[in-house]
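There are 4 protein chains.
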Amino acid sequence: MTHELRMKVRDYECDLQGIVNNANYQHYTEHARHEMLLGLGVSFADLHQRGIDVVVARISLSYKAPLRSGDEFLVRSEVRKEGVKYVFRQDIIRLSDNRLSCRVEVVNAVLIDGKLAAECPELDRLLS
Amino acid sequence: MTHELRMKVRDYECDLQGIVNNANYQHYTEHARHEMLLGLGVSFADLHQRGIDVVVARISLSYKAPLRSGDEFLVRSEVRKEGVKYVFRQDIIRLSDNRLSCRVEVVNAVLIDGKLAAECPELDRLLS
Amino acid sequence: MTHELRMKVRDYECDLQGIVNNANYQHYTEHARHEMLLGLGVSFADLHQRGIDVVVARISLSYKAPLRSGDEFLVRSEVRKEGVKYVFRQDIIRLSDNRLSCRVEVVNAVLIDGKLAAECPELDRLLS
Amino acid sequence: MTHELRMKVRDYECDLQGIVNNANYQHYTEHARHEMLLGLGVSFADLHQRGIDVVVARISLSYKAPLRSGDEFLVRSEVRKEGVKYVFRQDIIRLSDNRLSCRVEVVNAVLIDGKLAAECPELDRLLS
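Residue numbers (the numbering used here), protein chains in the order written: chain A, 1 to 128; chain B, 1 to 128; chain C, 1 to 128; chain D, 1 to 128.
Please note that the accuracy of each hint is not assured.
Identical copies carry no separate label here, and so any pair may be met within one copy or between two of them.
Think about it this way: if two alpha-carbon atoms lie no more than 30 Å apart in a straight line, the pair counts; the simulated DSSO-like pairs of lysine-lysine are [claimed, not checked]:
hint	residue 1	residue 2
1	Lys-115	Lys-8
2	Lys-115	Lys-81
3	Lys-64	Lys-81
4	Lys-85	Lys-64
5	Lys-115	Lys-64
It is worth saying that the hints were derived from the structure and are not from the lab.
Build out the structure end to end from the sequences listed, making use of the hints.
Below, the structure is given as structure tokens:
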């Protein structure tokens, strides 16, 4: 299951080094994951309202080539289930030269009413 | 009713011009307002849980002298009630030279269960 | 001189009240102003590199109807020159119901090599 | 070489799940690293001005227990050199119950005039 989202750097996301601040790559990939879910008919905010919280248990980001003011980029996401976890692998591709800017792996757990859930039928259905 | 909060610039709050990005002054003053309320025994998050939302109806910010990496500053806040609105006047003072960095006026309304409330006894009690 | 930019709320922009945090409207309008300039061939980052800084002297925001998770919106911007200042008037329109979400007025000054400039030929040319 | 920084959640850092948004833990640890350097007499912003950029090559964050509105926390940082990289290990401790909230490992590289540097005498001196 894969998904692509095209985005563009906003200047306020750049820091005093003149490049996008590291934490914003995490924001980009969060937004891409939520848009991917939304494309499948699942809203992160609606899930929360119903007591289902998809939470990040672990994330790792490898920074390869910085994004700068004006850059457009693609967030390419894929997800698979591993045990009770949902694992997203996401690449941020800088479109000016198609270079990999950042590679991200995110391990998500699901909490139902605040408790770790062994499965989330709603997400499982989407992934099958 | 006045309140003072001492803070320090975090580097990620600076943008590519090397100064604190404008929107972060709004963050600083929001945090100072919430700390002011907390000092009076009122938690913004608790209010929300109980269906009471203090929302900004209008804010104006006048930027006088920029904050930069490493700067410490003071947010000096005062609040008064005007009709059904709570009006905060907040000054951000740069501590290296005691210059006014930013002057802010914030008009807050109170929503109870999503409806504009003519009064919020809890806040009124604090202001009297 | 007018400009329109279509955007979409990202979930991380919402706060614990479940609506877009106030400071993010300032981010949205900053991005729209920079995109407007870019459409005219002027990059905010390039200007900074050449010692020209467009800075916000004053901004006021009137919040009318909140943006929430999933909302799409339009930022409609117009700019005119008043004396030595560039004044932007910006409306954020919530697209689900075409309601005005936020009305913003921004007064910009231009610094050249850190000094307030009476005029910026580059911007003046664009506005004429 | 270790460092501790005490901080407090600001409400705008919480998202619609009512907990601190994941990317903000990255912000907290960046701020703690910069404060650690500053305590050693090295300013991140000054380094940048002189053409020396400390950049994150890789970061991993393990989320253990969420931070919420009002929480105070400690960022405990230690750094060591491994080859040409500076490796920070950082723990975010929630002070209400002394639980580990987030464990972070950050691998930094140094760019001098935009090129990967085998060593940064200024930082090496601090670590010896």
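At most 30 Å between CA atoms: does that hold for Lys-64 and Lys-81 within a copy, between copies, both, or neither? Classified as both; 26 Å inside a copy, 20 Å across copies.
With identical chains treated as interchangeable, where does the CA-CA distance between Lys-85 and Lys-64 reach 30 Å or less: within a copy, between copies, both, or neither? both (27 Å within a copy, 15 Å between copies)
Since the copies are identical, ignore which copy is meant and state whether Lys-115 and Lys-64 lie within 30 Å (CA to CA) inside a copy, between copies, both or neither. between (36 Å within a copy, 13 Å between copies)
Intra/inter-copy verdict for Lys-115 and Lys-81 if alpha-carbon distance must be at most 30 Å: Answer is within; shortest intra-copy Cα gap is 19 Å, inter-copy 39 Å.
At most 30 Å between CA atoms: does that hold for Lys-115 and Lys-8 within a copy, between copies, both, or neither? Between. Shortest inter-copy distance 26 Å satisfies the 30 Å Cα cut-off; intra-copy 37 Å does not.
Of the hints listed earlier, there is not a single one the structure fails to meet.
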